[in-house]
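Visitor: The listed protein sequences derive, respectively, from chains A and B.
In this text, residue positions in the first sequence follow this note's numbering: the first is 22, and each later residue adds one.
In this text, residue positions in the second sequence follow this note's numbering: the first is 108, and each later residue adds one.
Hints are computed from structural coordinates only; laboratory data are not their basis.
These numbers come from a predicted model, not from an experiment.
Treat the hints with care, since some could be wrong.
Lysine-lysine pairs mimicking DSS-like chemistry, simulated, CA-CA at most 30 Å apart [what the hints assert, rightly or not]:
{"id": "1", "chain 1": "B", "residue 1": "K169", "chain 2": "B", "residue 2": "K118"}
{"id": "2", "chain 1": "B", "residue 1": "K169", "chain 2": "B", "residue 2": "K123"}
{"id": "3", "chain 1": "A", "residue 1": "K84", "chain 2": "A", "residue 2": "K38"}
{"id": "4", "chain 1": "A", "residue 1": "K76", "chain 2": "A", "residue 2": "K38"}
{"id": "5", "chain 1": "A", "residue 1": "K24", "chain 2": "B", "residue 2": "K169"}
{"id": "6", "chain 1": "B", "residue 1": "K178", "chain 2": "A", "residue 2": "K24"}
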Amino acid sequence: SQKIEQNSEALNIQEGKTATLTCNYTNYSPAYLQWYRQDPGRGPVFLLLIRENEKEKRKERLKVTFDTTLKQSLFHITASQPADSATYLCALDIGSSASKIIFGSGTRLSIRP
Amino acid sequence: EAGVVQSPRYKIIEKKQPVAFWCNPISGHNTLYWYRQNLGQGPELLIRYENEEAVDDSQLPKDRFSAERLKGVDSTLKIQPAELGDSAVYLCASSLGGTGTGEETQYFGPGTRLLVL
Numbered sequence: 022s023q024k025i026e027q028n029s030e031a032l033n034i035q036e037g038k039t040a041t042l043t044c045n046y047t048n049y050s051p052a053y054l055q056w057y058r059q060d061p062g063r064g065p066v067f068l069l070l071i072r073e074n075e076k077e078k079r080k081e082r083l084k085v086t087f088d089t090t091l092k093q094s095l096f097h098i099t100a101s102q103p104a105d106s107a108t109y110l111c112a113l114d115i116g117s118s119a120s121k122i123i124f125g126s127g128t129r130l131s132i133r134p
Numbered sequence: 108e109a110g111v112v113q114s115p116r117y118k119i120i121e122k123k124q125p126v127a128f129w130c131n132p133i134s135g136h137n138t139l140y141w142y143r144q145n146l147g148q149g150p151e152l153l154i155r156y157e158n159e160e161a162v163d164d165s166q167l168p169k170d171r172f173s174a175e176r177l178k179g180v181d182s183t184l185k186i187q188p189a190e191l192g193d194s195a196v197y198l199c200a201s202s203l204g205g206t207g208t209g210e211e212t213q214y215f216g217p218g219t220r221l222l223v224l
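This is chain B alone, in the form it adopts within the complex:
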């Protein structure tokens, strides 16, 4: 079974440029998460989807970040315009279900390492 797929693996852009990340979750997983991880820190949740609905986007900087999960499968995360402080690893994860379902285990992709110059 394929794991969570993310692309690109690495991205270098200049500040003020747009950037997009793509995630393909494990087949059948209803819940999809986007995290940002800074060096030496744990992942920080940006947005969580239950199927195609964003159920928690309280940590998503909505002035420059946007996300979508069309048809409840693949998802994209976009930053426009990027700032120097956005340099981080962006992780996508998926799980069969959310809290109380017994299927909370998250499976992470390898991440996209973003460097904003």
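Excised from the complex, chain A in its bound form:
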């Protein structure tokens, strides 16, 4: 069955450093992959989408890579700030003829001052 693993249940990073979060998947070839941020008591908020034919996407301090051979996506936050502390979720569309979205369990990121 399909599986998404987000390595590290929790990640603690010193402010100013680059945080790198990992999303690994098996068994499927997703049409695209998304990263979301979720704060406690709130719904996820969309950050970035990267398609299967794209290697890298950037948005301000965020960068996402997508390696379809390794079946892995990396999510980077450069110059991290305490306000970046949240849970980050990756989501795949594993559908073939129709969309089917599955989410990973998330990585809780803490940025310490």
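On the provided structure of chain A, position chain B as indicated by the hints.
Guide: Frame of chain A; chain B shown alone:
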């Protein structure tokens, strides 16, 4: 522009009671999703609508869960009867379109936190 609206925000019920959740998606969004999120886990898709048609309900426990999206706008998710294991956050999301449309970004509501006693 208003985001996805969900109500109620919190609900406490006893097991075997019915419960219903309501969702109003972003205006113009054709695709609507209901998710369940357990503590420490990612959202799990229950059902996806394209306009008023349920196109993926494979994860919806159909013995006790039902959903509808009349007129392709608002949607309700119902559980009857509720069980202890149904305690979770129920999230609604909407997007302009589905896969391949270029409009796959999902916008989530704040969720309804359900506690079944």
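Visitor: Enumerate the violated hints, using their earlier numbering and listing them in ascending order.
Guide: Violated hint: only 6; rest satisfied.
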